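Listed below are the residues making up each chain.
Number of protein chains: 2
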Amino acid sequence: MKYDVAIVGTGPAGLSAALNLKLHNKKVAWFGADGLSMKIQKAKKIANYPGVPMVSGRDLNQCFREQIKEAQIEILDKMVTSIVAGRNGYMIQAGEDIYYAKVVLLATGTVSSKVISGEEELLGKGVSYCATCDGFLYKDKTIAVFCENRKFENEVTYLAEIAKTVYLFTDYKDCKLNLPNVIQFDGKIGEIVGREKAVGVQLTDGFKIETDGVFIFRTTLAASTVVNGLKMEGPHIIVDRQMKTNKNGVYAAGDCTGMPYQIAKAVGEGNIAAHAIIKYLQIMS
Amino acid sequence: MKYDVAIVGTGPAGLSAALNLKLHNKKVAWFGADGLSMKIQKAKKIANYPGVPMVSGRDLNQCFREQIKEAQIEILDKMVTSIVAGRNGYMIQAGEDIYYAKVVLLATGTVSSKVISGEEELLGKGVSYCATCDGFLYKDKTIAVFCENRKFENEVTYLAEIAKTVYLFTDYKDCKLNLPNVIQFDGKIGEIVGREKAVGVQLTDGFKIETDGVFIFRTTLAASTVVNGLKMEGPHIIVDRQMKTNKNGVYAAGDCTGMPYQIAKAVGEGNIAAHAIIKYLQIMS
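Chains as they are written, first to last, in the working numbering: chain A, 64 to 348; chain B, 64 to 348.
These are computed hints drawn from the structure, not numbers from a lab.
Every value quoted in this text rests on a predicted model; they were computed, and no experiment measured them.
Treat the hints loosely; a few may be bogus.
The list treats identical chains as one, so a pair stands whether inside a single copy or across any two.
What the hints assert, rightly or not - Simulated crosslink set (EDC-like; lysine to aspartate or glutamate; CA at most 20 Å straight-line):
(1) 214 with 159
(2) 108 with 133
(3) 141 with 122
(4) 107 with 133
From just these sequences and the hints, can you work out the full model?
This is the structure:
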């Protein structure tokens, strides 16, 4: 599956870019939640988005959905877990599929939960974001799983079918999973332990658990863990006025590039990024 | 009349900034055409502004107008002709009034007509943008007037009452002015002639006219002529990611900062500028 552009994120920055790229007949793979931005969805009133006076987040997302439908743009409701540079672009791991795109636009928003200490260093070395991709490595082994959102419970179930024991940590209450080899913990993972390879997790209260691997399921992954070598300033991707990152062919827009965290800023940056990408594709071809 | 912020321009960048500054209880003087952006007004269909699917420019401007009314923001339909740094901010000449603001945001759009050769150099030295301010200097004298738009004809009439002779150049057809001392020309002003002071105009066909002064009436003035010492790159104001120009306390947003000339980009930059200005005002106070 080869594309001109892969957009990661279905918030306003991603939408703004998708609309423009579609108008310019670019082949776009647009990854993210079908429900669009949850942050917008939960906003009671938005008073400062030009053109849509005093709108609820729910209604604005509905406008967005109609616009997406009208423009005939498709959303791939898949989690992008890894983006790797290839010969003429990038290889994108999304769910269990691999996509190819000449250009990548990161519109991933702010990361709600923090990266766990050791997570970035040990990613691919016993730490994984993808049950389908890496689960088979842990047949009859012991793993720890951090599950941020109920919607990832099927991933945990899948892992429980493979592994001997699953130590489960959730960021929500009332996890309904009831499997004999899944042991739920109340505490929080403070650190993933290991040098060459993850060998266990240490909870914030100091308690240690030995494991063969660690799986992490989050709605939003930190861009720095998804794209290797991306220059960041704290939690934000560094971009220039054309929304270019330090990596050739990788652009970023919206909350992930820094404050203010605003819809207007996001749609503006998505628009600029799309136009810069159109130029970049012209030069490339 | 002292303000926190003076916004110049009533297009989407100015609107986006005005909405945010108003929400933050800043005292804003917002200058520009009551009719908002003419470029938007004339757009048949806008397909890529997130949240307002497939809208005509006329309808989008109507949305903007309702939002301005709802937010109780006032537009000062006056032409800003000069912005000069003062002790704690800027002095803004608009029509016949002077305003003071701690911060200036330029959201002036693209300049439709080009700056005339000699215009910037001789501004204030026989070249003026303001009949009310400088007209009295030309009592019984000879002046040339460039009038871009019919709506400035009252300025020409006013000048004709003072001056002996007015040589009039318009950018539109069928100028209805019929005054004994107003001589209308068909040609175009190619250059304003003079070293220390404007002494006449040379038409593009080479014909020269001696005058004591030159008045220019345009819907949009080039930012570089309004604010002295502003760093430009061609026709665009140079800004950083916070929309700051090279001049302390002067910000810019929208088309005037460069391509792409897009509504989404303009509202994004207006939003960023407003938030940067709010921070700047905090530090200032």
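Hint-by-hint comparison with the structure:
no.	hint	in the structure
1	214 with 159	within (16 Å within a copy, 63 Å between copies)
2	108 with 133	between (25 Å within a copy, 14 Å between copies)
3	141 with 122	neither (24 Å within a copy, 36 Å between copies)
4	107 with 133	between (26 Å within a copy, 17 Å between copies)
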